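Peer 1: Next come the chains, spelled out residue by residue.
Number of protein chains: 2
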Amino acid sequence: MTGKPDQSVANSDRIVISVDAMGGDAGPTAVVAGLAMSADKNPKIGFLLHGPVAELKPLIAKKRILDGRVEIRDAQKVVTMDDKPSQVMRNGKGTSMWATVDAVKTGEAAGAVSCGNTGALMALSMLRLRKMPGVNRPAIAILWPSSNPQGFNVMLDVGADVRADAQDLLQYALMGTSYVRNSMDIAKPRVGLLNVGTEEHKGHAELKEAHALIAENAEKANFDFVGFVEGSDIPGDAVDLIVTDGFTGNVAIKTGEGTAGLLTSTLRKSFEHSLLSRLAAVFAYTSLARLSKKIDPRRVNGGVFLGLNGTVVKSHGGADATGISAAIKLAFRLAEHGFAEKLAARLASVVELTQSNAGSQDAEHPPK
Amino acid sequence: MTGKPDQSVANSDRIVISVDAMGGDAGPTAVVAGLAMSADKNPKIGFLLHGPVAELKPLIAKKRILDGRVEIRDAQKVVTMDDKPSQVMRNGKGTSMWATVDAVKTGEAAGAVSCGNTGALMALSMLRLRKMPGVNRPAIAILWPSSNPQGFNVMLDVGADVRADAQDLLQYALMGTSYVRNSMDIAKPRVGLLNVGTEEHKGHAELKEAHALIAENAEKANFDFVGFVEGSDIPGDAVDLIVTDGFTGNVAIKTGEGTAGLLTSTLRKSFEHSLLSRLAAVFAYTSLARLSKKIDPRRVNGGVFLGLNGTVVKSHGGADATGISAAIKLAFRLAEHGFAEKLAARLASVVELTQSNAGSQDAEHPPK
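As given, the protein sequences belong to chains A and B, one line each in that order. Under the numbering used here, the first residue of the first sequence carries the number 1, and numbering increases by one thereafter. Under the numbering used here, the first residue of the second sequence carries the number 1, and numbering increases by one thereafter.
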């Protein structure tokens with residue numbers, strides 16, 4: 001199972017991405033369709049695809065564009081949405097998810113993509129890839145549609161860990177700015193710390209401590225610390241990166257997604273209301289398609305796990321071919337930029353300054 | 001300053017609402033316009049209006065409908081958005097906000113409405129009205145557009161206090177269900193506890209404790225406890241009431257508001273994109289107006305403070321006349337239903353069962 005992939009898949013021009021065929025709501029058919037979309041757009045990409053070979057082989061065979069671009073790695077077991085992370089860590093060997101992550105560890109692939117159970121994927125990624133030196137809690141970073149010139153903000157953590165202390169939040173700021181630089185070409189990202197108000201006297205004591213710690217390190221780490229921001233700044237223009245704990249970040253993105261979903265379904269119903277409004281919808285079609293493209297969550301599909309020795313991208317469980325292709329593109333781009341190595345170098349350069357405050361970086365912080 | 005309002009304002013058919021003319025972004029002109037809208041729709045309403053009499057008198061005089069419906073109470077000082085709650089508690093006497101709340105305490109008004117500084121308004125309300133027996137932390141409840149039959153969910157706390165322990169979350173469930181019954185005519189509200197997943201093993205330890213405590217009291221308090229819900233359920237159909245701490249709730253509503261704002265501005269830009277799309281917008285006008293009405297935040301303007309001896313409604317600081325009128329309507333409806341008394345009775349009836357778990361209800365819980 002280890003060693004370099006087939007010559008045909010990993011020729012010298014290609015970057016190989018390891019993909020979990022299983023665990024998504026739409027099954028392996030959508031994943032293979034996503035592979036085909038990516039392969040069609042990007043001649044420099046090759047794939048390791050993990051899952052039951054008997055099921056995957058005919059799906060691959062149907063897509064001409066995937067000829068010689070995919071190596072199937074047989075994995076009979078699947079991690080389901082109901083599996084607990086702790087179970088998967090103990091018994092996950094032999095699952096397609098385990099093998100997907102492992103290919104990054106062995107160096108066969110430059111990045112991994114899975115649509116499966118987020119908690120299990122994070123647990124397996126931590127187990128197999130290990131945390132980078134100096135990282136206490138890894139985080140999940142996502143892109144969020146915003147009124148920024150680049151059209152997106154990055155937010156982390158959105159659910160790797162429900163807790164984060166001041167030191168963790170500083171590390172999120174460091175990892176996040178590195179990610180912003182490598183995914184958006186912004187030299188000096190603007191960073192905000194999520195709170196219930198922008199005044200410095202508001203919020204939890206931990207947040208005030210984090211505010212001081214991040215402000216202290218902003219200049220050395222070459223980012224612009226804007227200070228506290230509010231939920232309304234997540235889709236806003238004030239910052240490029242929003243730092244928060246995984247509990248708050250997770251609630252925020254799900255609330256935002258839900259609200260966007262309610263709005264678009266209400267909009268659809270408005271246009272179905274009467275014969276005249278159906279006619280109006282025909283006229284408005286181009287404008288609505290433009291809106292839909294701008295806010296299409298599939299275009300920004302992919303939560304990146306930061307702080308591990310290797311790149312893992314979590315695709316939305318409900319992703320279709322377009323969404324899966326977007327997640328693959330993200331993993332490819334980060335691999336191409338040598339992001340994991342750059343992040344490791346950046347963290348190493350700041351470990352000294354953070355360690356002076358943190359004591360042992362690998363000690364688990366007790367729950368607050 | 002105390003005693004019954006003028007005979008003309010508080011005739012026996014009328015319910016008097018105390019309104020802060022100052023502190024909103026749009027100034028007293030918008031507030032007086034809101035009063036006029038409410039007075040026009042509702043012959044049973046009268047007002048005490050607090051602010052600088054020289055400024056208010058000419059504004060009132062311009063609105064015929066307000067003849068004999070408003071008594072101006074002179075207050076020269078104004079609480080600004082930058083004032084800290086602690087300062088306002090010490091030095092707030094003589095401000096329009098103080099007087100607005102005080103009229104509820106003295107019994108001159110059946111409810112209070114202010115567009116001013118939320119933290120200061122909560123601090124003054126707690127100082128003047130005091131917490132209801134059995135309530136540890138008062139909460140702010142808001143309505144949120146949802147795909148429910150009633151079109152809205154109630155969520156609390158959205159920012160009265162950044163902390164809440166299991167016992168507080170149980171009280172939020174009790175106060176919130178009482179509010180749902182009185183504002184929506186739902187006999188047995190469905191209640192969800194906000195978390196990062198619906199599985200019982202997820203989230204903070206405090207949330208697991210709250211889950212057990214709320215489940216235990218659901219039957220006696222006549223609500224249906226659905227269990228953990230996620231951010232996507234806030235605009236969803238799964239529950240009628242969402243219980244969370246003030247930090248998470250505040251971030252969630254601001255993220256939702258921001259996302260809705262981004263979507264509608266993007267939609268507007270889509271229709272301004274070309275001559276053809278401008279033409280399409282003309283055809284689509286009715287459908288867009290229907291959407292706009294459905295999601296118009298002004299229609300659901302008003303955060304209600306729960307757990308105090310009296311009804312206080314916080315209007316959005318940026319509210320226009322329509323928004324202010326909606327907040328006034330909410331205060332009126334709750335007064336008409338005798339909500340404050342019903343809530344007190346409900347809390348009294350469950351104090352016994354909660355006290356067996358909580359120890360002294362009035363002791364402050366130390367920060368977590």
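Treat the hints as calculated values from the structure; they're not laboratory data. As the structure is a computational prediction, the values presented were derived from the model and not from experiment. Mixed in with the good hints there might be a few duds.
Identical copies go unnamed one by one, so any copy, or any two together, can satisfy a pair.
To be verified - In silico lysine-lysine, DSS-like type, Cα no more than 30 Å apart, as pairs:
(1) K202 to K41
(2) K202 to K93
(3) K269 to K63
(4) K202 to K105
(5) K188 to K84
(6) K131 to K77
(7) K202 to K84
(8) K57 to K105
(9) K208 to K84
(10) K188 to K131
(11) K269 to K77
Peer 1: Against each hint, give a clear statement of whether it holds in the structure.
Peer 2: Here's how the hints hold up against the structure:
no., hint, in the structure
1, K202 to K41, "neither (48 Å within a copy, 39 Å between copies)"
2, K202 to K93, "between (46 Å within a copy, 23 Å between copies)"
3, K269 to K63, "neither (37 Å within a copy, 39 Å between copies)"
4, K202 to K105, "between (43 Å within a copy, 28 Å between copies)"
5, K188 to K84, "neither (39 Å within a copy, 33 Å between copies)"
6, K131 to K77, "within (26 Å within a copy, 56 Å between copies)"
7, K202 to K84, "between (36 Å within a copy, 10 Å between copies)"
8, K57 to K105, "within (25 Å within a copy, 75 Å between copies)"
9, K208 to K84, "between (34 Å within a copy, 16 Å between copies)"
10, K188 to K131, "within (26 Å within a copy, 48 Å between copies)"
11, K269 to K77, "neither (42 Å within a copy, 48 Å between copies)"
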